[in-house]
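Top line first, the protein sequences correspond to chains W, B, U, F, H and E. If you want this note's numbering, it's the position in the first sequence, counting the first as 1, plus 29. If you want this note's numbering, it's the position in the second sequence, counting the first as 1, plus 29. If you want this note's numbering, it's the position in the third sequence, counting the first as 1, plus 29. If you want this note's numbering, it's the position in the fourth sequence, counting the first as 1, plus 29. If you want this note's numbering, it's the position in the fifth sequence, counting the first as 1, plus 29. If you want this note's numbering, it's the position in the sixth sequence, counting the first as 1, plus 29.
No lab work stands behind these hints, which were simulated from the structure alone. Be aware that one or more of the hints could be misleading.
All copies of an identical chain are treated as equivalent in the list; a pair is satisfied when it fits inside any one copy or across any two copies.
[Stated by the list, open to error] Derived DSS-like pairs: lysine-lysine, alpha-carbon spacing no greater than 30 Å straight-line:
(1) Lys151 x Lys95
(2) Lys98 x Lys87
(3) Lys151 x Lys87
(4) Lys151 x Lys98
All figures in this text were calculated on a predicted structure; none of them were measured in a lab.
There are 6 protein chains.
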Amino acid sequence: MSSVKITRELHFSAAHRVFNPEWTDEKNSEVFGGCANPNWHGHDYRLLVTVEGTPDRKTGFVMDLKDLKSLVESRVIQDVDHRNINLEVSWMEGVIPSTENFVMEIWNRLVREFPEGVELSKLTLWETPRHCVEYEG
Amino acid sequence: MSSVKITRELHFSAAHRVFNPEWTDEKNSEVFGGCANPNWHGHDYRLLVTVEGTPDRKTGFVMDLKDLKSLVESRVIQDVDHRNINLEVSWMEGVIPSTENFVMEIWNRLVREFPEGVELSKLTLWETPRHCVEYEG
Amino acid sequence: MSSVKITRELHFSAAHRVFNPEWTDEKNSEVFGGCANPNWHGHDYRLLVTVEGTPDRKTGFVMDLKDLKSLVESRVIQDVDHRNINLEVSWMEGVIPSTENFVMEIWNRLVREFPEGVELSKLTLWETPRHCVEYEG
Amino acid sequence: MSSVKITRELHFSAAHRVFNPEWTDEKNSEVFGGCANPNWHGHDYRLLVTVEGTPDRKTGFVMDLKDLKSLVESRVIQDVDHRNINLEVSWMEGVIPSTENFVMEIWNRLVREFPEGVELSKLTLWETPRHCVEYEG
Amino acid sequence: MSSVKITRELHFSAAHRVFNPEWTDEKNSEVFGGCANPNWHGHDYRLLVTVEGTPDRKTGFVMDLKDLKSLVESRVIQDVDHRNINLEVSWMEGVIPSTENFVMEIWNRLVREFPEGVELSKLTLWETPRHCVEYEG
Amino acid sequence: MSSVKITRELHFSAAHRVFNPEWTDEKNSEVFGGCANPNWHGHDYRLLVTVEGTPDRKTGFVMDLKDLKSLVESRVIQDVDHRNINLEVSWMEGVIPSTENFVMEIWNRLVREFPEGVELSKLTLWETPRHCVEYEG
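Looking at chain W on its own, in the form it has when it is part of the complex (with noise of 0.2 Å):
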């Protein structure tokens, strides 16, 4: 039987400053300009975990969408909804908080939690509606 794809959104707003500590506020106001406000921005960000197996011949599930969205809220929603990634997200500490950094620690929150059979296959992290990462391990 062949394996199918699911799907889930969640979203969660937090606050951020993109810069490096390394270097000076000039270079990093060059660097990344906005991104790099000392005062801080922030966005809505908009989460979608694609996970992938076969369907379970009892339920018709891959997995449980409640299940699946619990496992998303208890790992990482809860930690960056209303927060800020710099200073208040354990496991972005020492990390330059880039949408490719982020979800990239964010795939390592989630990449073990799943039941046998079930496996991560990809996470799309949209930072505004213009633009998007995505990830697959």
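Please build the complex by placing chains B, U, F, H and E on the supplied structure of chain W, with the hints as guidance.
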């Protein structure tokens, strides 16, 4: 010459009930929650059909989009739109109508219907604005 | 100080059948087409609730959005989500569940529930991504 | 000749904290929840600016959309995009940055700036994909 | 009994050129920029037609949505879809095809066509995903 | 370190006519329908450009999004926005402007322009809100 994918989006509205007929109502309600409601519930499904091929030298088309739309309408949409998926769709008989199982049966309805040189590449089926399934055969 | 409108969007999935019980199945099918299917069909409804008032001097809020969400969930969403509107919603009994009638009954469920100084201003109910109804009481 | 409304949508990303400086942190947290987080959070705001007037006989325009965009960018967007609304926006000083208060101050920034015959009709400000405010002065 | 508004969304794709035939090409280019390009440009227009009335006691409908769709298709869509608005639409002859003028002419095509008890309430015409016009007669 | 994909969405509005110059008007109309209209029609194209690479250790970026936007604007958007694709785009000369052929030529405009370590991964081009093409080279 390289191959290109083209995707057409179609919509339909249907009722269904996700339950396992081998189980009691209690067990179904425990596993599937509101999705097992014996009085049915329903969705506005959004189906994206992706086919792949090399554009024809004389038309620039992988496949005429009107033909693609007609094919999906005649093989899928007219069977399911404003229908009860459990009771009225012959090719879903005996299948638990989870989104996963549903997209695999839609694949079976379409995969052998394309002209030479055109292959069904992917189906994406959104059951609500918050979750979808993807199937590549 | 001027009044401001705030809107919260909520979703629910339900089954229904649009038919007039005083008519024969033939007549219903003639008038309502697939919407009268005796085996039901369903939708992912999208409800936008708009209330109006003067922002409170101490909070800057017309009404706390969490309270607005809770109110609509307890008075409307929990009654209709994953339900059959014809069979299971007491406040729709004896009402033909057209989108027009449905939005007026949702209005009746909500209009007297707001705190002093806050008025229900408009309900917008999308039944499919292609059509909606608006009601202002 | 009748009047027509034209609307231009613009986006910006900002950080903020919704709190009342006359209250303790405990009281703020109790009333505003995560929105009062002293470490800030943020949003991708979506602003729709609607103006009204009679189309000019020579251009068919109520107002040139490029002019409308420039006006909103110079009076609003450049002040708030990638900024901290509490700390860096002079015209929000002393104002609790709820969406309600924010939209009223944006109105004040724009209302007297339009050419003769064009009137600001409505502002719609989406703070998240799930809620918005509307203001008509 | 109160009145309810119902809205149907329809799409069409067309070419146009916004220019004043009394002006030189230079003057047109100065005023209208790329919109005056003599070689045309085009849009995927999104038209929302809103009508108002009291729901019929026997159907629960203000107006059958299939009838509303047919009416707009026969009076508007079939004239403009995959057409050049300046050259091929008789009821736009002599009219500068700004979105403002266009929506007023669409209004004239529709306003007298509704059955008794149903009134055209509003037209909303999106020319791009970033701007729209609204007209209420 | 793993590679990440980043996507930027851009828009443009253009006119075109899909026809084969080796055929008669009758044959073109038979094959292409309204798309072959000699008076042109047009679309609001939505282009998603996806590039892939390993995030830079010092910035956390695969590529600066402002640079990605500038590159696509200078190589593609400024050539096609508010233009006639058949008549005014030098790199579409002699090419039937189907969405399939169009996306392949946009690929050719972009593929060799990226800095070392960054690769063009996919282009997705929506011609209407209902259909798109995808190309991966």
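Going down the list of hints, with the structure as the test:
no.	hint	verdict
1	Lys151 x Lys95	both (18 Å within a copy, 25 Å between copies)
2	Lys98 x Lys87	within (21 Å within a copy, 33 Å between copies)
3	Lys151 x Lys87	both (26 Å within a copy, 25 Å between copies)
4	Lys151 x Lys98	both (15 Å within a copy, 24 Å between copies)
Taken one by one, the earlier hints all hold for this structure without exception.
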